[in-house]
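Novice: Starting from the known structure of chain H, fit chain D onto it as the hints suggest.
Chain order of the listed sequences is H and D.
Residue 1 is where the first sequence starts when you use this note's numbering, and the numbers rise one by one after that.
Residue 1001 is where the second sequence starts when you use this note's numbering, and the numbers rise one by one after that.
Hint data in this document are derived by calculation from the structure and do not stem from the laboratory.
The model shown is predicted, which means the values in this text are computed figures rather than measured ones.
Do not take every clue at face value.
[As the list claims (entries may be wrong)] Here are the simulated DSSO-like cross-link-like pairs (lysine-lysine), alpha carbons at most 27 Å apart as the crow flies: (1) H:K40 <-> H:K8; (2) H:K20 <-> D:K1075; (3) D:K1319 <-> H:K84; (4) H:K7 <-> H:K20; (5) D:K1319 <-> H:K85; (6) D:K1319 <-> H:K40.
[As the list claims (entries may be wrong)] Partial pick of chain H residues on the chain D-facing surface, computed with a CB cut under 7 Å: (7) F44; (8) I65; (9) R69.
[As the list claims (entries may be wrong)] Derived CB-CB ranges, DEER-like: (10) D:K1115 <-> H:K40: 32 to 40 Å; (11) H:K20 <-> D:K1115: 34 to 42 Å; (12) H:P76 <-> D:E1164: 43 to 51 Å; (13) D:N1008 <-> H:S24: 55 to 63 Å; (14) D:I1037 <-> H:L95: 51 to 59 Å; (15) D:S1144 <-> H:D68: 44 to 52 Å; (16) H:D30 <-> D:A1032: 21 to 29 Å.
We put the beta carbon where it would ideally sit given N, CA and C, even for glycine.
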Amino acid sequence: MQITEIKKIEDCFDGSVIFKYLFSEEMDEDLMNKIGEGNKLQYFPDFLRPFFKITTPADLQIKGILGDRDFEVIFPQTDKWKKKKEFETNLQKILQD
Amino acid sequence: MKNTKNCNIPVYLNNAATSFPKSPGIGEEVAAFFKKIPKHPGRAGTTSEDTLSLCRKELAHLLKTEDPSRLVLCKNATEALNIAVLGIGLKGEVVITTAMEHNSVLRPLYLLEKKGVIRLEIVPCDAEGRVIKEQWEKRIDEFSPKLVVLNQASNVTGAVNNIEELLKYAKEKESITLLDASQSIGLFDMDVSRIAADMIAFTGHKYLLGPSGTGGLYIKEGIEVEPVFVGGTGIRSDLKEMPPEMPLRLEPGTPPVPAFAGLLHSLKWQKENPVSLEKMANLTRDLEQGLIKKGTEVIEVAGERTFIVSCRLPGWDLKEVGYVLERSFGIICRTGLHCAPLIHEYIGTAPAGSIRFSISRFTTREEIDYTLDVIGELVNADH
Chain H
1 MQITEIKKIE DCFDGSVIFK YLFSEEMDED LMNKIGEGNK LQYFPDFLRP
51 FFKITTPADL QIKGILGDRD FEVIFPQTDK WKKKKEFETN LQKILQD
Chain D
1001 MKNTKNCNIP VYLNNAATSF PKSPGIGEEV AAFFKKIPKH PGRAGTTSED
1051 TLSLCRKELA HLLKTEDPSR LVLCKNATEA LNIAVLGIGL KGEVVITTAM
1101 EHNSVLRPLY LLEKKGVIRL EIVPCDAEGR VIKEQWEKRI DEFSPKLVVL
1151 NQASNVTGAV NNIEELLKYA KEKESITLLD ASQSIGLFDM DVSRIAADMI
1201 AFTGHKYLLG PSGTGGLYIK EGIEVEPVFV GGTGIRSDLK EMPPEMPLRL
1251 EPGTPPVPAF AGLLHSLKWQ KENPVSLEKM ANLTRDLEQG LIKKGTEVIE
1301 VAGERTFIVS CRLPGWDLKE VGYVLERSFG IICRTGLHCA PLIHEYIGTA
1351 PAGSIRFSIS RFTTREEIDY TLDVIGELVN ADH
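Here chain H stands alone, though its shape is the one from the complex (with noise of 0.2 Å):
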């Protein structure tokens, strides 16, 4: 599985950084469950499409429906392209497994 596209996604709310990752592939639970890792997975699998959201001690919110091949993540302002390196960079290992 790889990431095909990052997108930047505009809203109207508070100037939060939200980024929409793209994948070649549909994500499934074994996918949500390896980025929920040491982070806090709130998964609602009983919505018509299972709704899933995961919060990293650094305060990087991941959504995204199970089925689909995208997420949204919203970076906190402070230090929001550090964090948006190392969230890849995690990403990335975790997709090579």
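Specialist: Then chain D, alone, in the frame of chain H:
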């Protein structure tokens, strides 16, 4: 589309942003435009029976004015409001507007304020998002504004102002009155002979069911608006300035004729198929009451209103609700400030805003029931 609980999804409840579906047959009408040789290519003719002239006539009929030349066709309400605000001549004047306005009103006014052109006064609204009459009158008495700008209906709560009363008061004090009818045109009867509006800005892609790229500005006879945009008009090409003839004076450049062909189709369709406001009001009331029963914090609106319900969902971050509703359940609504940043201070939804559901004439009972079921599921979800 997927069928869930007798309801086809996606369910579209974002009609205050742009309506969906549009009028039946609109796609074919716009497509047909490209197969015909243009009658009056690229210019807003007012004498021949071209698309723009016919559209202008239909809009004049809708606003109950006999003079279509007073209707300037624009690409949206924002353009119309900019033409009005920036073209009216406000140097050194006071402008009064309200806390319920959209950024399409506020930002042109902030720009003039920042440049030192105007003094801007903003009238507060009540907890439903309706302008407070006493405050409106007090500010007008105090500042004798040259221009007042007022929304007929809030795009956040749906509260409708008594525009006859409010605009009449401003007119009696000799202000120029500009009405933003973006959220009301196509829903409510609009008669320019009865309301004291010197100018009315509106969009074509909301409740007129037209394509995006359409809108307009009605300018009453006797109100002079200087061109904000200048360029070719197809007539009087020898002049260095824009010609004095309305509406061409304010319509330089090639207009989006295919989009107006779609709007023309929608205007005719709506005339033949009048909207049932009673049905929309019933669905809105049931949605509002259902959301309250499910445990959401609804901005309740009494009295005249459009077909919007705004609320907040305890236990859920507003940033997530719109995502979950659309991606998990196929319900398309809008969350946030809705481009109307000031109203939230008054209705208790600052700083993040609200979840906004807005229905259309095509919304069904099943769609409302499904939405309420889903909201119930979210309220009860174990975090």
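Novice: For each hint, tell me whether it holds in the structure or not.
Specialist: Evaluated hints:
1. H:K40 <-> H:K8: holds (24 Å)
2. H:K20 <-> D:K1075: Not satisfied, since the Cα-Cα distance of roughly 31 Å exceeds 27 Å.
3. D:K1319 <-> H:K84: Answer holds: D:K1319 to H:K84 is near 19 Å, not above 27 Å.
4. H:K7 <-> H:K20: holds (5 Å)
5. D:K1319 <-> H:K85: Judged against 27 Å, a Cα distance of about 23 Å means the pair holds.
6. D:K1319 <-> H:K40: holds (18 Å)
7. F44: holds (6 Å)
8. I65: Status holds, d = 5 Å.
9. R69: violated (12 Å)
10. D:K1115 <-> H:K40: 32 to 40 Å: violated (48 Å)
11. H:K20 <-> D:K1115: 34 to 42 Å: About 37 Å separates the Cβ atoms of H:K20 and D:K1115, which means 34 to 42 Å holds.
12. H:P76 <-> D:E1164: 43 to 51 Å: holds (49 Å)
13. D:N1008 <-> H:S24: 55 to 63 Å: Check failed, 31 Å falls outside 55 to 63 Å.
14. D:I1037 <-> H:L95: 51 to 59 Å: Cβ of D:I1037 to Cβ of H:L95: about 55 Å, so the range 51 to 59 Å holds.
15. D:S1144 <-> H:D68: 44 to 52 Å: For H:D68 against D:S1144, whose Cβ atoms are near 57 Å apart, the range 44 to 52 Å is violated.
16. H:D30 <-> D:A1032: 21 to 29 Å: violated (52 Å)
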